[in-house]
Amino acid sequence: MNEIKQFLKLLTVCKRKLLIEHFSSYCHMGLLLVGVATVLTATIARVTPIMYFYQSLLILAGSIMLFTIIVAYFKKPDNTNAAALFDHYVAEDRVKTALTYLKDESAFSQLQRRDALSHMKKSLPEIEKSQLKLFYWKKLLISLLLIILAGLSLIFPNDVMETAKQQETDKKIVEEAKKEIEKLVDDETVSEQIEELKKETADIDKSKELLAKLLEKETGLEEMKQDARTDEQRLQKLADGLNEFDELQAALNEVDSEKMKQALKQLSEELPALSKQQQQDLEKLLSDVTGEKASDFAGMTEEERDELLSALEEQLGTLIENAASLNQLAISQEQLQQLATSLNQSMTNNGISNSGKLSFASQNANNQGDNGQNSSGNNDNSNGQEQGEGGQDGQGQDGQGQGSGNGSGSGSGNASGAGNGSGSGSGSGSGNGGSGAGSGSGAGFGQGSRELMIPEKIDGEESIENDLGELGEGSGEQQLAPEAPVLKGNIRSYEEVYGNYERTYRESVERMDLPAYLEDAVKEYFSELNPEGE
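Numbering-wise (our numbering), the sequence shown opens with residue 2 and increments by one.
These are calculated hints, taken from the structure and not from any lab test. Computed from a predicted structure; not experimentally measured. Backbone N, C-alpha and C fix where the C-beta goes; we use that ideal spot for every residue, glycine too. Treat each hint with caution, since some may be false.
What the hints assert, rightly or not - Here are the simulated distance ranges between beta carbons:
no. : residue 1 : residue 2 : range
1   : E503      : N254      : 50 to 56 Å
2   : E248      : E308      : 21 to 27 Å
3   : E176      : E315      : 42 to 48 Å
Construct all of the structure, not just a fragment, from the sequences and the given hints.
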């Protein structure tokens, strides 16, 4: 039994050396497979966009190495492999034979085992001195070259890889924006529209689509806010006509639904005691709110009066509910605007969009209101200038005299201004025994044609032409024209210039990917410039 233990102990020494070489060989094989997989993945990435490329590459390399280690563990050397290694130093397969008959207790097996054990002890020092093969340079060199090749492919990416990187960045931006939307949903101060937005954006994975959805929802909130403001103004108008009903008037002014119900309940109990003025005010309120004629309210049956009061309570409740949501809608709209601005800024910083500053529905509504006020002010100023500066006359006595006047455009006698710009006017007047003439210039806003000086294009494409020749006798001449344009040009009407400008711009826009939310801004811009729309 002691011989068997010694035999197995000697095999363990040899098996330990085999295990080290075995796992070293498999690790080199795993590195080679990682290099091949890296090159193949990098090649595919140059053809097809692969998002999260580096993370995918690390996962792939780790999976290959883990698989290699598992395979190496199940194929690790055993006693048979150790006996085969011993037999390289011990001739005639003594160790393999002894291992085969290790459990045989016959006399012949014991003698053979003792003989093998004796030779193994003699060969053990030589086995221990033998060097382990830890490095497989061929596999290591090939793996290194493959990894370097894949690294160069990553250092110098092509358009497909840049697109994949941009898609990855785009997805990160969308995920961050969705997290912000979830935070808004948890906020009790925002409206239910934010919850709907979360559901509508659940399947969106592109930042441009998400931004368009945010702007669309912001526009919807603006419309709802305008409706709520209209209902609030309507409540105030109704309250102004309820001077005879203090409690109901206070409820409408405070936009309080419970107070309104209590006031109407008290009003229904006091119907028989209402004065004539109170009945008229109540009939007017019913008519304005329900849209039904409520004349001769006192002569109605109790059932009809209750029906009208119920309809009044329902309509007023709806108005109060809408008006009360104004503040909540404003907060939700502001939150959406901040989120859209942050999203657009992230897109701009990462080169996904270059739209610049966003145009929100609330800002457009304010701008339209300001434009309407400015337009009416300009019209008033225009009329004043035309009436104040349009006239001119001259005077003279006993001969010819000089006169002055202010105006724009041209004409004789009393002239009136036309168009935006400057012009000259002339007039004549009679004196005692003589005549006089006057002239003047000025600017005004009025109806009429507009003419612009358009310079001619006199530059060549790429070549420069020089006129060379012999100089004649005499000195050079130079002609100067005061206040002349630098380039030659011709006078063209504003309508013609606008048409060319609009056509050129639209041709360039057709070659651009114009965001959907900018189309209205472009239409509004050309509508303001359109001379036919003035």
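Hint check:
Checked against the hint of 50 to 56 Å, the C-beta distance between E503 and N254 comes to roughly 51 Å, which is consistent with it. In this structure the supplied range 21 to 27 Å holds for E248 paired with E308, their Cβ-Cβ distance being about 22 Å. Take E176 and E315: their Cβ atoms lie about 45 Å apart, and the range 42 to 48 Å holds.
In terms of the numbered hints stated before, the structure departs from none.
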